[in-house]
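S.K.: As a plain string of letters, each chain reads:
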Amino acid sequence: MNVPTTTTPARRGLRPGLTREERARALGEKCATPGHCVLRAEDLEKSFHRGVPPFRHAIEVLKGASLMVCAGDLVGLVGENGSGKSTLMQIMVGLLGRDAGTVWHSGRLGYCPQIPMLWEKLSVDEHFELFTRAYGLQDGAGAKAADELLSELDFERYRAYRVEQLSGGTRQKLNLALALMHEPDVLLLDEPYAGFDWETYVHFWEMSERRREAGMGILIVSHLLTERERLDRVYELRDGRAVAG
Amino acid sequence: MSAFAAVSGRFVSEHLRAPLTLVLLIWIPVFFVFIFASVVGEFAKALGGTLAGQAATAISAGWATAFLCGVLAFFQVSSSRAADRRLAIAGLGPGRVAVSRIMAALAIGITVSAAAFITLWLKSGIGHPLHAAVAILSFAIIYIGLGALIGALVKDALSGSLLVLLLFSVDAFTNPQMTSSSLSWTPTRAASNLLIAAGGQMGSPTADWVEMAAVSIGALGVALTAFWLAARARS
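As given, the protein sequences belong to chains P and F, one line each in that order.
Here the first sequence stands for residues 1 to 245, where the numbers follow my numbering.
Here the second sequence stands for residues 1 to 235, where the numbers follow my numbering.
Just so you know, the hints here were simulated from the structure itself, not pulled from any lab data.
A quick note: this is a predicted structure, and the numbers were derived from the prediction, not measured.
Where a beta carbon is used, it is the ideal one built from N, C-alpha and C, also for glycine.
Any given hint could turn out to be false.
Sample of chain F residues lacking proximity to chain P, with all beta carbon distances greater than 10 Å (derived) [as the list claims (entries may be wrong)]:
{"no.": "1", "residue": "27"}
{"no.": "2", "residue": "31"}
{"no.": "3", "residue": "79"}
{"no.": "4", "residue": "87"}
{"no.": "5", "residue": "92"}
{"no.": "6", "residue": "110"}
{"no.": "7", "residue": "127"}
{"no.": "8", "residue": "202"}
Keeping only pairs whose Cα atoms sit at most 30 Å apart, straight-line, the calculated DSS-like set for lysine-lysine is [as the list claims (entries may be wrong)]:
{"no.": "9", "chain 1": "F", "residue 1": "123", "chain 2": "F", "residue 2": "45"}
{"no.": "10", "chain 1": "P", "residue 1": "121", "chain 2": "F", "residue 2": "155"}
{"no.": "11", "chain 1": "P", "residue 1": "63", "chain 2": "F", "residue 2": "155"}
{"no.": "12", "chain 1": "P", "residue 1": "144", "chain 2": "P", "residue 2": "121"}
All chains should be built: construct the whole structure from the sequences, respecting the hints.
M.R.: So, in structure tokens, the structure goes:
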């Protein structure tokens, strides 16, 4: 299912009823297999306004950033602190509005924010229950997905704990699990391993690679040079633009 | 169980699990009705108002409800903003998050109103229990609207809670019964008139009922808008 979340294909001259290949050609897609683009951002611009008049000023963060993720791609997004990586992610998932540009994605989208966005007083199980509703999963499917992720990330024993009782690393596991529970077609991860111990960190990459092999398109904000060998492609955010590395 | 009921049920749990909330739920009505009411008459006298005795006791139950509901609605928005927005983009949407939040706020408001009503009944008895219950609930709804609105506009928890307190103080201390130099209109004016009349076993004019209903419906609209603003994408 193609979901034009924030762009209007009509504006790009795309008529309804195009085949995957025709759409891919029209969009100038560069995926190895035409029609396998799962996320595309074009010419994104974003400024933040700070201060009060007459001292109000704009901080330009994104100045035409564009990137693309194909099905089965593990793509990195790197850049200095404050370069706009999280801003770009938030615009692509719809948490933040944009000044210009378009975003398009196909199928289900999963998002793991850099800082866990959780309810302190709710338990791990209650989080899964709420996101089961939000993703529109059947109760049984949601419970099965939760069981599998709790086991895969090895935090089953904390399922009755409230978030306020969890360590930073376990909160991050929950943060990641919530992004994965509906098996998205495209997954955006904003430094998802902050707080993980080494064993969990290694396990995280194994999980990501398994999902890539299953056809999931993954975009991950990464800082470490050693991770680049794990990635199919890398974009660097420089001067507000995403440059393919 | 509908998605709304399930989600709002979790939102209610989230707030009632804070130990301080439960303590405040008991102590704020007790403080207002048993302690504050006994001195508020002196305040009113000093300010040129007429509030005293049974009327002071009755209106204190309303103010206890207003204060608690305003603060709780503010923190419903303030402490859950990020997680609510994540839930909205996951597929629930800001509208459904807002409706779930308002259902949760109303459930908490009814609980707070019940605590205040029981406290008032224990202290002095209530001439018209049904009128009093409706008036106390109106205090709750009006302050859910105000608290949620402040939560949507003010991100800092300290600034926001102080703003709720300031608004409450202005509303309470400019009430027509409280001071001779009162504002011609305050959000809880009609609810105050109804509550005082109900406490003294008197009926109320239709105009007060209409005004209270209109303000309460408006407050619900404000609350819904505020919860929606907090859950939608930022610009």
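S.K.: Look at each hint and say if it fits the structure.
M.R.: Now for the hints, and whether the structure bears them out:
Residue placement check: residue 27 of chain F keeps its beta carbon more than 10 Å from all beta carbons of chain P (closest about 20 Å). Chain P leaves residue 31 of chain F outside its interface by the beta-carbon criterion, the shortest separation being 25 Å against a cut-off of 10 Å. Chain P draws residue 79 of chain F into its interface by the beta-carbon criterion, the shortest separation being 7 Å against a cut-off of 10 Å. Listed as outside the interface, residue 87 of chain F is inconsistent with that label: its C-beta sits roughly 5 Å from the nearest C-beta of chain P, within the 10 Å cut-off.
The claim that residue 92 of chain F is not at the interface with chain P is violated, since a C-beta of that chain comes within 10 Å of its own (minimum 4 Å). Residue-level check passed: residue 110 of chain F sits 20 Å from the nearest beta carbon of chain P, beyond 10 Å. No beta-carbon of chain P comes within 10 Å of the beta-carbon of residue 127 of chain F; the shortest separation is about 39 Å. At roughly 43 Å from the closest C-beta of chain P, the C-beta of residue 202 of chain F stays outside 10 Å, upholding its exclusion from the interface.
As the CA atoms of residue 123 of chain F and residue 45 of chain F are separated by approximately 22 Å, the hinted pair is consistent with the 30 Å bound. In summary, the hint linking residue 121 of chain P to residue 155 of chain F is supported, as the alpha carbons are separated by about 20 Å, within the 30 Å threshold. The straight-line distance between the Cα atoms of residue 63 of chain P and residue 155 of chain F is roughly 28 Å, inside the 30 Å bound, and the hint therefore holds. Between residue 144 of chain P and residue 121 of chain P, the direct Cα distance comes to roughly 23 Å. Compliance with the 30 Å bound is thereby established for this hinted pair.
Hint compliance for this structure: hints 3, 4 and 5 are broken, all remaining hints hold.
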